[in-house]
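So you can see what is in the structure, the chains are spelled out below.
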Amino acid sequence: VIHSIPSGTRDVLPDETREVRAITDALREVFEHHHYGEVYTPALEYESVLARGDMAEAQPAYRVFDETGAALVLRSDMTVPIARVVATRYPTSELPLRFCYLAHCYRGVRPARGQPREMLQAGIELIGSAAPQGTAEALTVLCAALDAVGLEGYRIGFGDASLYPALMASLQVPESSRPLLLDALTHRDFVGLEHELEGIAVSSQARELLLSVPQRRGGPEILSGAPQPAASAVEGMRLVHELLADQVAQRIIFDFGLVRSIGYYTGAVFEVYDPALGTPIGGGGRYDDLLGRFGRSLPAVGFALGVDRLHIALAGEERGTGALLR
Amino acid sequence: MSPTNGLTIAVPRGALFTETVDMLAGLGLDTAELRVNDRKLLFKEIGVITMRPSDVPTYVEAGAADLGVTGKDVLLEQAAHGPGKGGRGVYELLDLGYGRCTMVLASKAGPDPAVEALRRLGVMRVATKYPRIASRHLEETGRQAEIVEVKGSVELAPLTGMVEAIVDLTATGTTLRENNLVVREEILVCTARMIANPVAHKLKAAQIDDLLGRLRAA
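Chains as they are written, first to last, in the working numbering: chain A, 81 to 406; chain B, 449 to 666.
These are computed hints drawn from the structure, not numbers from a lab. It should be emphasised that the depicted structure is a prediction, and the values quoted were computed from it without experimental measurement. Just so you know, even glycine gets a beta-carbon here, dropped at the ideal spot from N, CA and C. Be careful, since some hints might not be right.
Said to hold, decoys possible - A short, non-exhaustive set of chain A residues, derived as facing chain B with CB atoms under 8 Å:
1) R235
2) D269
3) R297
4) D335
5) P360
Kindly generate the complete structure, drawing on both the sequences and the hints.
See the structure below:
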């Protein structure tokens with residue numbers, strides 16, 4: 081007898097669970113070793129609370145009503161619930177605060193490989209530690225975690241969410257056009273970006289910068305050639321880079337075009353790539369405004385890894401096949 | 449290093465095939481076998497895989513190919529509806545310029561039957577292979593429509609009276625004219641696009657940028 085389960089969900093049976101457990105045990109150990117305390121929060125939250133984050137891009141998949149008629153949402157990430165915990169449960173505590181989690185999150189995505197609607201995420205949040213030290217710490221823990229699970233070929237894309245907005249502002253792109261350009265960039269549509277730029281009254285030199293700067297990515301050498309309008313964001317990236325140990329720094333790909341679709345990122349953003357998987361394994365960044373929306377204004381940074389994606393990438397590396405490995 | 453820098457490229461069979469192969473030949477790739485063998489799918493020696501155009505984003509998104517060529521119509525049709533839903537997880541890198549055609553709304557010549565249907569019945573029936581593009585266009589222009597998805601020759605649908613209009617891609621308009629259909633609205637112009645896998649775009653940045661540079665210069 082076949083009884084179906086909702087689209088984008090699945091059962092995990094013992095053989096797979098054993099492998100996943102090996103990954104989550106290794107991650108927990110690294111997080112604990114770096115003094116990140118594990119937390120659990122409810123899978124269901126009030127919609128009005130999660131809406132302080134970025135509801136549109138977070139794509140919550142499931143909404144229900146409780147017996148009083150209040151709208152509840154299954155959380156789409158752990159960053160917003162932890163921001164709520166910090167504001168509510170740690171209103172006056174000493175900083176920084178370090179939390180980690182292994183938790184299921186729910187998103188209304190089109191189900192695809194490694195992109196289920198219910199996904200197990202592992203991550204950390206570092207609250208009350210500003211750039212560049214906090215960012216460098218998060219990147220260090222990220223690499224330690226990936227090393228501990230045995231992933232070998234990974235790289236970390238590293239950018240800054242404020243870079244393109246600063247570039248647009250200093251090149252005097254009209255306010256009304258800025259969301260369109262940012263939207264094209266967020267959707268990785270460079271053809272669309274070029275078309276939008278053609279319709280904007282800026283110098284041809286500015287237009288060239290607006291199109292070419294977000295396509296720059298590579299080693300630390302790209303930091304020195306950055307154009308003036310992007311200088312402060314790039315200087316921030318350089319300061320983080322200086323704090324990184326060699327084994328972390330050599331994993332970094334600097335990427336001036338990296339933008340994450342979630343709107344609460346304010347500074348550094350990063351994504352994890354592995355040649356054994358065609359999509360990023362995880363990512364994160366600085367969200368220095370989010371805690372303020374919950375009433376305790378603190379700088380913060382964090383990342384989340386998709387445990388299933390990590391598992392697929394590990395299996396691919398072991399077999400020497402998968403995605404870009406050929 | 450090969451003329452395509454060791455990258456794997458998804459090449460669409462069909463209308464975009466010849467120009468795509470010409471473009472690859474222009475980069476210095478040996479395309480002789482690709483041109484003559486239309487049953488083979490995987491050309492490993494030259495880093496090419498071939499498939500129908502609407503499958504290109506699927507293979508590129510999964511990383512089975514680093515780059516791919518497909519029409520803007522395919523990308524738009526596969527992009528989910530509404531803000532925040534994004535599209536396919538691929539980078540759209542370059543407008544290749546060829547494969548130019550127009551997405552149009554067409555109906556039978558003479559008094560527009562779609563207008564009459566809207567006025568008298570409040571809804572027009574529209575046949576298309578592009579249900580998302582069609583429903584988006586009709587929604588944005590404030591008309592109620594019943595979308596009928598067909599897989600084969602769309603022109604048949606209005607001739608049999610099954611629908612009042614069609615939304616379809618046309619290059620020259622010949623097929624429409626031969627079937628006594630006229631273009632009522634141009635929805636958008638589509639050309640071939642170069643797309644990239646997001647992870648390949650970072651991990652193979654130098655190879656991809658070099659190839660794009662040579663394509664732009666050509």
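### Query
What hints, given by number in increasing order, does this structure fail?
The structure breaks none of the hints.
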